[in-house]
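For the protein sequence lines, the chains are A and B, in the order given.
Quick note on full-length UniProt numbering: the first sequence kicks off at 1 and runs consecutively.
Quick note on full-length UniProt numbering: the second sequence kicks off at 1 and runs consecutively.
It should be emphasised that the hints constitute simulated quantities derived from the structure, not laboratory data.
None of these values were measured; they are calculated from a predicted model.
Glycine residues also receive a C-beta, built at the ideal position from the N, C-alpha and C atoms.
A hint or two may mislead.
If you want the ones that stay clear, here's a sample from chain B, every Cβ over 12 Å from chain A, calculated [said to hold, decoys possible]:
1) 56
2) 124
3) 125
Derived DMTMM-like pairs (lysine to aspartate or glutamate); straight-line CA-CA distance at most 20 Å [to be verified]:
4) 51(B) to 123(B)
5) 37(B) to 81(A)
6) 71(A) to 142(B)
7) 71(A) to 146(B)
8) 74(A) to 142(B)
9) 37(B) to 89(A)
10) 84(A) to 33(B)
11) 65(A) to 142(B)
12) 74(A) to 146(B)
13) 65(A) to 146(B)
14) 74(A) to 130(A)
15) 84(A) to 146(B)
16) 112(B) to 61(A)
17) 62(B) to 191(B)
18) 94(A) to 33(B)
19) 39(B) to 81(A)
20) 84(A) to 142(B)
21) 39(B) to 89(A)
22) 84(A) to 31(B)
23) 71(A) to 40(A)
24) 65(A) to 55(A)
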Amino acid sequence: MKTVILTVLLLISASVVATEDSYEFDTPQQRQLFLSLTEELRCPMCQNQNIADSDAMIAHDMRRKVYNLVKQGKTGDEVIDYMKTRYGDFISYKPPVTPVTMWLWLAPVLFALLAFVMVIVRRKSTPPEDMAAKLAKAEAMLKQGDK
Amino acid sequence: MKKIMIFGVPLLAFLVLVVFLFSGLFSDPRELDSQVKGKPMPAFSLPDLMKPETTYTPEVFKGKVTLLNVWGVWCVTCAVELPYLTELTEQEGISIVGLYFDQDLDPEFGTKTLNRVQQEVEEITSRFGNPYQFHIFDVYRDTALDLGVTGAPEHFLIDHNGVIRMHYIGDINERVWNNKVGPLYAQLQQEMAQENSAE
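Please build the complete structure, drawing on both the sequences and the hints.
Rendered as structure tokens:
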């Protein structure tokens with residue numbers, strides 16, 4: 001009996017949390033889409049915040065717009081494109097791959113490759129024979145010291 | 001050769017970094033590439049703020065060069081530029097139209113009445129100057145969003161064909177007018193005169 005009451009209470013509390021959001025959706029998928037879109041879209045006013053996070057007026061308006069578009073059944077890409085035609089590529093936190101932005105992905109890879117090559121080259125430039133010779137010399141010196 | 005590599009490569013990398021960071025000092029992160037530049041005014045049908053029975057469409061911009069000023073009474077910088085804008089209209093006869101939007105007049109949780117907004121606009125313009133021909137009232141702030149407006153004040157220079165030629169974010173003062181907006185305004189006036197004489 002106790003578990004039944006507890007379960008019911010838990011279920012009720014979950015629905016209370018859900019209604020705190022002032023936007024209501026027809027399906028959970030729409031809500032999910034809205035949440036992911038507002039996280040991906042960047043606020044043009046407070047540039048280091050997404051529109052889910054920002055309290056600027058423009059962020060409020062953009063959230064409202066995203067909500068309306070999602071409600072109309074627009075896909076995520078359509079909503080992003082809608083914002084991009086108005087605010088430019090800047091508005092999305094996912095930059096498109098162009099000859100200019102390509103370096104964002106290429107530069108770290110190239111850097112890692114360069115470092116890897118340098119490690120290998122360095123390793124080759126110190127021949128192990130040298131080390132062996134030095135060790136032998138040191139041993140000889142030690143032996144001399146013993147005498 | 002090895003010595004050049006050891007000193008040269010880090011030095012080169014350092015110099016590139018210095019140039020990159022130095023140019024960053026003078027870049028304005030709020031300056032965005034306007035998406036509406038060179039495009040006709042997006043479609044709208046909005047009421048006049050003072051006489052809501054009058055409705056405006058993009059047609060209203062045809063036939064003359066207009067400076068569209070996005071503003072609101074809640075915006076302090078907008079009030080600051082009012083005296084200079086008024087001076088501009090008086091001295092150079094520039095046609096300035098307001099695109100008004102209100103913060104508190106939230107379409108969904110409205111707290112302010114239209115009367116109150118009109119009253120506030122009257123108060124501000126009588127105190128700081130009134131450069132406006134009329135105000136287009138962007139009730140749901142949809143047109144502002146279509147124009148890529150990020151806040152206020154922002155300005156759009158619209159030519160006589162109703163095409164947006166410049167999107168300027170921030171207030172217009174003497175320096176901005178003389179260096180940025182004014183020259184293009186003169187050019188647009190010239191274009192209009194040329195087209196009119198050609199016809």
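Verification of the hints:
1. 56: 20 Å, holds
2. 124: At about 18 Å from chain A, residue 124(B) clears the 12 Å cut-off, so the statement holds.
3. 125: At roughly 22 Å from the nearest Cβ of chain A, residue 125(B) sits farther out than 12 Å, so the non-interface label holds.
4. 51(B) to 123(B): 17 Å, holds
5. 37(B) to 81(A): Between residue 37(B) and residue 81(A) the Cα gap is close to 18 Å, so the pair holds against 20 Å.
6. 71(A) to 142(B): 17 Å, holds
7. 71(A) to 146(B): 19 Å, holds
8. 74(A) to 142(B): With Cα atoms ~18 Å apart, residue 74(A) and residue 142(B) stay inside 20 Å; holds.
9. 37(B) to 89(A): 15 Å, holds
10. 84(A) to 33(B): 11 Å, holds
11. 65(A) to 142(B): Since the Cα atoms of residue 65(A) and residue 142(B) sit roughly 9 Å apart, the hinted pair holds (cutoff 20 Å).
12. 74(A) to 146(B): Distance of about 17 Å is within 20 Å: holds.
13. 65(A) to 146(B): 11 Å, holds
14. 74(A) to 130(A): Violated - the C-alpha atoms of residue 130(A) and residue 74(A) are around 70 Å apart, more than 20 Å.
15. 84(A) to 146(B): Given pair residue 84(A), residue 146(B) holds - Cα atoms ~11 Å apart, limit 20 Å.
16. 112(B) to 61(A): 17 Å, holds
17. 62(B) to 191(B): 14 Å, holds
18. 94(A) to 33(B): OK: residue 94(A) and residue 33(B) at ~17 Å, within 20 Å.
19. 39(B) to 81(A): It holds: about 17 Å lies between the C-alpha atoms, which stays within 20 Å.
20. 84(A) to 142(B): 15 Å, holds
21. 39(B) to 89(A): 18 Å, holds
22. 84(A) to 31(B): 16 Å, holds
23. 71(A) to 40(A): 18 Å, holds
24. 65(A) to 55(A): At roughly 15 Å apart (the allowed maximum being 20 Å), residue 55(A) and residue 65(A) satisfy the hint.
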